[in-house]
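Protein sequence lines, in the order shown, are assigned to chains A and B. Here my numbering is used: the first sequence runs in plain steps of one and ends on residue 439. Here my numbering is used: the second sequence runs in plain steps of one and ends on residue 439.
Note that these hints are calculated values from the structure, not bench results. We treat Cβ as the ideally placed atom computed from N, Cα and C, and that holds for glycine. Among these hints, one or two may not hold up.
Here are the computed lysine to aspartate or glutamate pairs in the DMTMM-like style, where the Cα-Cα straight-line distance is at most 25 angstroms [to be verified]:
| id | chain 1 | residue 1 | chain 2 | residue 2 |
| --- | --- | --- | --- | --- |
| 1 | B | Lys393 | A | Glu217 |
| 2 | A | Lys393 | B | Glu214 |
| 3 | B | Lys338 | B | Glu291 |
| 4 | B | Lys393 | A | Asp71 |
| 5 | A | Lys393 | B | Glu206 |
| 6 | B | Lys393 | A | Glu155 |
| 7 | B | Lys393 | A | Asp331 |
| 8 | A | Lys284 | A | Asp331 |
| 9 | A | Lys393 | B | Glu217 |
| 10 | B | Lys338 | A | Asp153 |
| 11 | B | Lys284 | A | Asp153 |
| 12 | B | Lys284 | B | Glu315 |
| 13 | A | Lys338 | B | Glu219 |
| 14 | B | Lys284 | A | Asp71 |
| 15 | A | Lys338 | B | Glu155 |
| 16 | A | Lys393 | B | Glu291 |
Residues on chain A that point at chain B, a partial pick, calculated with CB under 8 angstroms [to be verified]:
| id | residue |
| --- | --- |
| 17 | Ile66 |
| 18 | Gly68 |
| 19 | Cys265 |
| 20 | Gln402 |
Number of protein chains: 2
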Amino acid sequence: MNRVLDGMRVVEGSAFVAVPLAGMTLAQMGAEVIRFDRIEGGLDAGRWPLAPSGQSLFWAGLNKGKKSVAVDMRSPEGKELVTRIITAPGRDAGQFLTNLRVRGWMDYETLSQYRRDLIMVTLMGDREGRPQVDYTVNPALGIPDMTGPEGYDAPVANALPAWDLMAGNLVVSSLLAAERHRLRHGEGQEVELALKDVAAATLGHLGMIGDAVVNGHAREKSGNALYGAYGQDFTCACGGRVMVIGLTGRQWSGLVKVTGSGAEMEKLAKRAKRDLRDEGVRWELRHEITEILRPWFAARRIADFGPEFDKRGLTWSVFRTVPEAVAQDPDLSEANPMFSQLDQPGLGRFPVPGFPGDFSAKPRIKPQPAPQLGQHTEEVLGDVARLTDTEIAQLHDKGVVQSPGYTARSAA
Amino acid sequence: MNRVLDGMRVVEGSAFVAVPLAGMTLAQMGAEVIRFDRIEGGLDAGRWPLAPSGQSLFWAGLNKGKKSVAVDMRSPEGKELVTRIITAPGRDAGQFLTNLRVRGWMDYETLSQYRRDLIMVTLMGDREGRPQVDYTVNPALGIPDMTGPEGYDAPVANALPAWDLMAGNLVVSSLLAAERHRLRHGEGQEVELALKDVAAATLGHLGMIGDAVVNGHAREKSGNALYGAYGQDFTCACGGRVMVIGLTGRQWSGLVKVTGSGAEMEKLAKRAKRDLRDEGVRWELRHEITEILRPWFAARRIADFGPEFDKRGLTWSVFRTVPEAVAQDPDLSEANPMFSQLDQPGLGRFPVPGFPGDFSAKPRIKPQPAPQLGQHTEEVLGDVARLTDTEIAQLHDKGVVQSPGYTARSAA
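Working from the sequences, and respecting the hints, build out all of it.
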């Protein structure tokens with residue numbers, strides 16, 4: 028992480044991937060991010076994968092570096108408290124992210140009465156506020172239909188919640204853009220966006236909506252081929268599998284050269300009366316190209332050709348499982364300055380990533396672990412909501428808020 | 028799009044998905060974004076999908092609302108011109124995005140000599156600057172290994188360039204964070220990030236690195252199941268396919284209730300001696316749950332149960348192809364204020380998306396189409412690089428720059 032957003036304070040009421048990721052991204056750029064949750068934990072408190080202790084590795088991953096407040100939001104005192112935290116004064120405070128979409132006390136109309144220049148970014152399921160998740164948006168828009176082995180007769184969903192990830196990042200951009208506007212014009216605002224709209228817009232940006240309308244056909248499943256040019260996976264003599272790319276002219280000629288397949292590619296081009304320097308022709312002739320290249324890879328071990336591929340600057344990689352990648356790839360270890368090994372109580376010791384960007388004016392610092400639920404309740408009640416020690420004690424005693432340490436003291 | 032970033036000027040030297048998407052996202056929030064390209068067009072000028080005219084729907088999709096300058100960067104005059112455009116004065120200018128990573132004249136060290144407070148964000152393949160694309164990063168980190176039908180014996184890649192999309196969004200966040208820092212402290216900076224690091228960090232954020240290290244196992248392929256709780260696809264009597272979600276307790280109980288499967292779920296729980304209110308138990312017993320639910324869906328048409336699912340607020344969707352989604356889903360049409368039908372020369376007429384976020388202080392405006400290559404060469408040379416008409420004419424005559432209109436005039 029780093030300190031480029033030093034001084035900014037953001038409050039987050041969230042669950043699952045997108046908005047927690049947004050808050051964490053801001054925290055990893057140095058903002059103070061306060062996530063509030065129900066006393067029993069948010070809807071994502073037990074999301075898989077879990078550590079052997081039963082604690083959620085997922086939750087810990089998406090809430091790194093935040094402050095955690097546990098509060099009973101069904102009580103009037105809890106509602107008042109959350110309102111005070113969200114709307115607390117401070118030039119760089121008054122910024123709220125949520126996907127909870129609570130009408131009434133926690134909506135923009137109400138909250139902005141307590142702080143006129145509030146910035147609030149709300150992520151919804153669809154634009155009407157109906158529930159949608161990554162797993163439903165994706166099939167509705169057709170990505171699983173074009174994913175999977177050639178000829179396979181059913182849709183194949185991503186293992187990666189790509190739309191959630193994108194939506195979370197757009198929440199960050201929206202917040203930073205709205206804060207820029209506030210700094211220049213003194214004006215807060217509400218930003219609403221929907222997960223489904225994020226996916227729908229992206230389809231348009233990638234040309235898929237135009238393709239559907241003007242060409243009228245559904246993109247076929249093409250296994251692991253790179254769409255629209257050449258890129259393919261090959262099994263090698265060692266049993267490993269590689270992905271090789273011939274997207275640009277330079278990548279393509281490098282691949283042909285290193286595999287010594289120039290003469291055969293020329294024969295293919297002549298036979299088909301097509302020019303393989305055209306990326307679209309490489310796509311259309313991908314099966315024929317693959318047949319030419321397959322024996323080359325089948326006869327060689329990755330260890331034999333890999334160094335040569337790197338030396339020539341080819342674009343390629345090896346297929347791995349996640350555990351193999353973690354064990355073998357230095358980019359997933361502390362050799363990569365983005366990662367630090369952290370010891371995390373209840374989770375274990377493993378490499379934890381910071382923000383991917385490296386800012387020259389704000390050097391990388393070690394990523395912070397996720398808080399325990401309610402770890403910062405007392406601190407935030409005092410420093411942000413400006414309650415006295417007596418008030419804080421009363422709220423704990425009434426069960427309106429919870430702090431792990433405080434509970435222990437009360438029980439003692 | 029909208030005008031929340033009104034006044035900001037960003038220069039972009041890019042190709043393919045991530046950095047073009049970053050620039051376009053800024054343009055769709057109202058920034059002036061100037062993309063420069065070689066006179067023959069960038070590496071992505073012909074990227075598929077194509078319109079029947081042969082023009083790239085992909086390029087048009089990722090460059091909406093930008094200004095285009097075509098310049099010969101091999102010539103000293105071209106280099107000087109690009110330098111002037113990037114480093115032109117203006118409080119909200121001096122911001123440069125690139126994935127071209129040209130050493131020497133176009134690196135941060137050189138450019139920042141012309142403008143001390145330059146902000147430059149560079150996206151690389153991996154952190155060492157080696158070439159990597161979405162199609163190589165993804166297999167290297169293990170996502171295709173966990174994607175695909177249960178028991179399928181090969182990795183299955185996404186059809187969606189999810190890492191590119193994410194990286195592009197992080198370029199936006201990095202730029203906005205660096206600009207915030209500059210506005211407060213007067214200091215520019217260089218930000219470097221790598222596509223592979225974006226993917227590696229995300230694996231960590233989602234708990235997958237922790238899972239690999241502390242649990243040691245590779246996540247199995249699970250078809251279209253929602254990982255870690257319950258969510259599954261079902262074929263219906265009408266031949267359609269739906270995705271239904273039981274991630275939260277509320278979603279799960281709603282699904283059980285509407286399908287009348289409560290008694291059978293109870294029997295299952297008793298037999299297995301597990302509590303289905305625990306999301307992880309639903310994951311572990313997902314095959315048994317699916318067997319209970321399958322006949323219900325197989326006996327019903329989507330049209331029969333869909334309205335009831337909506338009425339009860341269930342989280343579900345229908346599987347579609349992209350053309351089906353475009354034809355059937357109002358969220359992909361002008362019924363959604365994010366979309367406008369645009370007539371685009373050489374491409375056709377179809378719904379074009381703006382920025383997903385709706386900013387209350389800066390209402391949506393119609394998205395702008397992509398420029399023609401070089402469409403704004405004259406304008407930018409005059410207004411930004413501050414060249415005289417004579418200088419602009421000389422550069423055209425020497426072939427250092429190109430404008431579609433200008434060429435026509437010279438030929439006349």
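Hints, verified against the model:
no.: 1; hint: Lys393(B) <-> Glu217(A); verdict: 20 angstroms, holds
no.: 2; hint: Lys393(A) <-> Glu214(B); verdict: 23 angstroms, holds
no.: 3; hint: Lys338(B) <-> Glu291(B); verdict: 24 angstroms, holds
no.: 4; hint: Lys393(B) <-> Asp71(A); verdict: 37 angstroms, violated
no.: 5; hint: Lys393(A) <-> Glu206(B); verdict: 23 angstroms, holds
no.: 6; hint: Lys393(B) <-> Glu155(A); verdict: 20 angstroms, holds
no.: 7; hint: Lys393(B) <-> Asp331(A); verdict: 55 angstroms, violated
no.: 8; hint: Lys284(A) <-> Asp331(A); verdict: 16 angstroms, holds
no.: 9; hint: Lys393(A) <-> Glu217(B); verdict: 20 angstroms, holds
no.: 10; hint: Lys338(B) <-> Asp153(A); verdict: 15 angstroms, holds
no.: 11; hint: Lys284(B) <-> Asp153(A); verdict: 24 angstroms, holds
no.: 12; hint: Lys284(B) <-> Glu315(B); verdict: 17 angstroms, holds
no.: 13; hint: Lys338(A) <-> Glu219(B); verdict: 23 angstroms, holds
no.: 14; hint: Lys284(B) <-> Asp71(A); verdict: 23 angstroms, holds
no.: 15; hint: Lys338(A) <-> Glu155(B); verdict: 14 angstroms, holds
no.: 16; hint: Lys393(A) <-> Glu291(B); verdict: 50 angstroms, violated
no.: 17; hint: Ile66; verdict: 16 angstroms, violated
no.: 18; hint: Gly68; verdict: 13 angstroms, violated
no.: 19; hint: Cys265; verdict: 16 angstroms, violated
no.: 20; hint: Gln402; verdict: 19 angstroms, violated
Hint violations for this structure: numbers 4, 7, 16, 17, 18, 19 and 20, all remaining hints satisfied.
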